[in-house]
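A.B. asks: Listed below, chain by chain, are the residues.
There are 2 protein chains.
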Amino acid sequence: MLDNGCVRMPRIRVSKVTGNVYQIRVDDVETRFFEGIWEIPEGVTYNAYLVDTGEKRILIDTVKSRYALEFLEALRGILDPRDIDAIIVQHSEPDHSGAFPIIYEAAGKPKVYAHPIAKSIIESEYGVRLEKYEAVRDDTVVDVGDGKLVMALVPWLHWPDTIITFYPEEGLLFTCDVFGVYGVLPHIDDAGLSSSEWALYERYMRKYFANIVGAYRDWVVKNLEKLEAKNWNFSIIAPGHGLVIRKRIGEVLEAYRAWGSRRLNPRKATIIYSTMYGAVEKAALYAAERLAETGFEVHIYGSNDEKGIALGDVLGDAIDSRILVLGVPVYDGNIHPITRLLVDLLCEKVAAGQVTSIISSYGWGPVAKRIVAEKLEKCGFRVAGVIEARGALPANDVDKLIENMIAAK
Amino acid sequence: MLDNGCVRMPRIRVSKVTGNVYQIRVDDVETRFFEGIWEIPEGVTYNAYLVDTGEKRILIDTVKSRYALEFLEALRGILDPRDIDAIIVQHSEPDHSGAFPIIYEAAGKPKVYAHPIAKSIIESEYGVRLEKYEAVRDDTVVDVGDGKLVMALVPWLHWPDTIITFYPEEGLLFTCDVFGVYGVLPHIDDAGLSSSEWALYERYMRKYFANIVGAYRDWVVKNLEKLEAKNWNFSIIAPGHGLVIRKRIGEVLEAYRAWGSRRLNPRKATIIYSTMYGAVEKAALYAAERLAETGFEVHIYGSNDEKGIALGDVLGDAIDSRILVLGVPVYDGNIHPITRLLVDLLCEKVAAGQVTSIISSYGWGPVAKRIVAEKLEKCGFRVAGVIEARGALPANDVDKLIENMIAAK
Numbered sequence: 371m372l373d374n375g376c377v378r379m380p381r382i383r384v385s386k387v388t389g390n391v392y393q394i395r396v397d398d399v400e401t402r403f404f405e406g407i408w409e410i411p412e413g414v415t416y417n418a419y420l421v422d423t424g425e426k427r428i429l430i431d432t433v434k435s436r437y438a439l440e441f442l443e444a445l446r447g448i449l450d451p452r453d454i455d456a457i458i459v460q461h462s463e464p465d466h467s468g469a470f471p472i473i474y475e476a477a478g479k480p481k482v483y484a485h486p487i488a489k490s491i492i493e494s495e496y497g498v499r500l501e502k503y504e505a506v507r508d509d510t511v512v513d514v515g516d517g518k519l520v521m522a523l524v525p526w527l528h529w530p531d532t533i534i535t536f537y538p539e540e541g542l543l544f545t546c547d548v549f550g551v552y553g554v555l556p557h558i559d560d561a562g563l564s565s566s567e568w569a570l571y572e573r574y575m576r577k578y579f580a581n582i583v584g585a586y587r588d589w590v591v592k593n594l595e596k597l598e599a600k601n602w603n604f605s606i607i608a609p610g611h612g613l614v615i616r617k618r619i620g621e622v623l624e625a626y627r628a629w630g631s632r633r634l635n636p637r638k639a640t641i642i643y644s645t646m647y648g649a650v651e652k653a654a655l656y657a658a659e660r661l662a663e664t665g666f667e668v669h670i671y672g673s674n675d676e677k678g679i680a681l682g683d684v685l686g687d688a689i690d691s692r693i694l695v696l697g698v699p700v701y702d703g704n705i706h707p708i709t710r711l712l713v714d715l716l717c718e719k720v721a722a723g724q725v726t727s728i729i730s731s732y733g734w735g736p737v738a739k740r741i742v743a744e745k746l747e748k749c750g751f752r753v754a755g756v757i758e759a760r761g762a763l764p765a766n767d768v769d770k771l772i773e774n775m776i777a778a779k
Numbered sequence: 371m372l373d374n375g376c377v378r379m380p381r382i383r384v385s386k387v388t389g390n391v392y393q394i395r396v397d398d399v400e401t402r403f404f405e406g407i408w409e410i411p412e413g414v415t416y417n418a419y420l421v422d423t424g425e426k427r428i429l430i431d432t433v434k435s436r437y438a439l440e441f442l443e444a445l446r447g448i449l450d451p452r453d454i455d456a457i458i459v460q461h462s463e464p465d466h467s468g469a470f471p472i473i474y475e476a477a478g479k480p481k482v483y484a485h486p487i488a489k490s491i492i493e494s495e496y497g498v499r500l501e502k503y504e505a506v507r508d509d510t511v512v513d514v515g516d517g518k519l520v521m522a523l524v525p526w527l528h529w530p531d532t533i534i535t536f537y538p539e540e541g542l543l544f545t546c547d548v549f550g551v552y553g554v555l556p557h558i559d560d561a562g563l564s565s566s567e568w569a570l571y572e573r574y575m576r577k578y579f580a581n582i583v584g585a586y587r588d589w590v591v592k593n594l595e596k597l598e599a600k601n602w603n604f605s606i607i608a609p610g611h612g613l614v615i616r617k618r619i620g621e622v623l624e625a626y627r628a629w630g631s632r633r634l635n636p637r638k639a640t641i642i643y644s645t646m647y648g649a650v651e652k653a654a655l656y657a658a659e660r661l662a663e664t665g666f667e668v669h670i671y672g673s674n675d676e677k678g679i680a681l682g683d684v685l686g687d688a689i690d691s692r693i694l695v696l697g698v699p700v701y702d703g704n705i706h707p708i709t710r711l712l713v714d715l716l717c718e719k720v721a722a723g724q725v726t727s728i729i730s731s732y733g734w735g736p737v738a739k740r741i742v743a744e745k746l747e748k749c750g751f752r753v754a755g756v757i758e759a760r761g762a763l764p765a766n767d768v769d770k771l772i773e774n775m776i777a778a779k
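First to last, the sequence lines map onto chains P and W.
Here our numbering is used: the first residue of the first sequence is 371, the next is one more, and so on.
Here our numbering is used: the first residue of the second sequence is 371, the next is one more, and so on.
Isolated chain P (complex conformation) (with noise of 0.2 angstroms):
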């Protein structure tokens, strides 16, 4: 029982991907905020994977600190955690290394495989020694009895430590947070998704693309380049987050080429807007409006003082959007600080060129065009217009902003 009279129930899966390998699965409802900025209502799940050849055990990952107890106790529902040959760190940020102490030692202190960067980190945060320890680097080796493991490092993916794992006589290829996303969807892999459950996930996998790789959209573009020149022949992807991947690999590999390389949806128009008094949001209804009327996918967020603004979203539609409409309240002479934030935010993570306008409506002066434009248009958006005005942004003006968008070349 919790404080507030709540029963935490985590569910932890254990399953089987190939006749070698178990993953196990943590679906994490709980976390409100990933990152401890991104809403998630839709969950996300931590994935560890055991290779289990009956000569060799190698655990690769594990989940975030709170589950450590269940991890383990499902560890125990496979094998005696003292016959674990050897743990693999693709990746030291908590949500995948937070139960790697308690395992650790459960293990009987195994030989670890990490980027040296990961040993440092969990070494210094965890304030365990990893006794047995190699450091991996590109076509790192481990012997699993019938066959191999290959590793490959895919630097700020979204970390410096990150690698990825591939086992060639299964045809797997371990990713960690790269092709990682939310959601807890009842499926174990992709293979029975109906194709609007598909459209939902590669939704979540977006999401997670814009928040948490965004800012690294280069080296998503490298590596993936890297990949592709290993010639590994894998027919599963066996993410840290979501679904294993049979079905589609060609789609995520695309997704990803296309979100790295900043490619936009030319279709697609994102709003996003807060309001006062209301004239803002009314010209971001009616420029949505005008907007699907023309063919566009439209999404929209508005805040207020009833509902934050789920920045995660955002971005995740803000990426791919060839059109973006701003809505921008102005506060104590400056920008609304959520506002602040918001493009900060967009810059660091998203910006792709898209063809954008600002709507702003004020009560003692002007900012919009001086702080905003100004900051996007640096930053790589590419401004086609700003309405500002006190009080109601004449429908004619809207007008205009969106036939601009929309011819920009």
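Everything labelled a hint here was simulated from the structure, so no lab data went into it.
All values derive from a computational prediction rather than experimental measurement.
Any given hint could turn out to be false.
Identical chains blur together in the list; that is why a pair holds if it fits in one copy or across any two.
Unchecked claim - List time: in silico DSS-like cross-link candidates among lysine-lysine, alpha-carbon distance up to 30 angstroms:
| # | residue 1 | residue 2 |
| --- | --- | --- |
| 1 | LYS739 | LYS426 |
| 2 | LYS479 | LYS739 |
| 3 | LYS770 | LYS481 |
| 4 | LYS770 | LYS479 |
| 5 | LYS779 | LYS592 |
| 6 | LYS745 | LYS770 |
| 7 | LYS479 | LYS652 |
Keeping the supplied structure of chain P fixed, place chain W upon it in accordance with the hints.
C.D. replies: Below, chain W alone, put in the same frame as chain P:
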């Protein structure tokens, strides 16, 4: 019935302040974010006033637009709105002017007294024309038959249009947002408050002050001097938010003097942190214990992936704390976006020479000193020390930090 199946129950109360003056108060427990950013689980009231001498009927301010119809109904319980002779708009912010257009119409477009900026905002935002309008200046007088109302401009408390109104015959000062406060208390005035209730009220008042007025503290001092020079002999303060103040006029004025002039509480410490692995949290809690042992009143705010940081409350406690400890998480090689927002707000609203320390635990590399310490120092905090470490923060270092802060002149 609302969409979510809940019934909206605004509470409007009408009460007599003096023989000729009614208060019409809305208790808003629905707004989650005041100004779209400050969390207010304690709610907020909107207070309008009606001066009715039998001869003249003057309405001072209205309420938020969503309560306009209920407000009109309450008004109808006192008089026929068409008998209203004039409306004074002390401040055009929507929480006091939102219901204006409906009331203005229902009252048959009476004369309006307001600052020229308020006139311009109301006309452009609400699309109404003030047909009979008088621009308020210092000492503008409104005749109420058996007496008069006298007005004074108090610019930048907290908008350029803000005015206050004195009713000498009743010893009443109407102050709109000045001396405003969050919270919905069951009382109508402060006469029956216990000392612990008053302490809570003062806390809500300080939070409101920091959030709403903090950026204009120099104007608080100027306007208080202006008010004193007027020698208005008032015995009741009738604010736009909160309780009517009858008993503690001196305390309220003194609080504004203290906060406006950046006076700090020498025995108060506020600790604000966010944590990824727990290292910063451990050090923050340790610092809190040490400071409490030394006799400090300690306030501590922590955020993680299950709860955000209540920015409004943080500012309310930081504004008069002599000691401030900031636990800074590192994110994407920068400080966490929410911490960036927090540092911006601390600088803009509450910087007052607080003796400040920064504690930061990093994985890849240190950034807190370079980014946060510099910014805080520049904007008016006195940075007494920075601890940065990979992993755990040594208790010895925290001890030294606290000694330095306490010893700082």
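A.B. asks: For every hint, state whether the structure bears it out.
C.D. replies: Against the structure, the hints come out as follows:
| no. | hint | in the structure |
| --- | --- | --- |
| 1 | LYS739 <-> LYS426 | neither (62 angstroms within a copy, 46 angstroms between copies) |
| 2 | LYS479 <-> LYS739 | neither (59 angstroms within a copy, 36 angstroms between copies) |
| 3 | LYS770 <-> LYS481 | neither (65 angstroms within a copy, 39 angstroms between copies) |
| 4 | LYS770 <-> LYS479 | neither (67 angstroms within a copy, 36 angstroms between copies) |
| 5 | LYS779 <-> LYS592 | within (28 angstroms within a copy, 54 angstroms between copies) |
| 6 | LYS745 <-> LYS770 | within (23 angstroms within a copy, 41 angstroms between copies) |
| 7 | LYS479 <-> LYS652 | between (62 angstroms within a copy, 26 angstroms between copies) |
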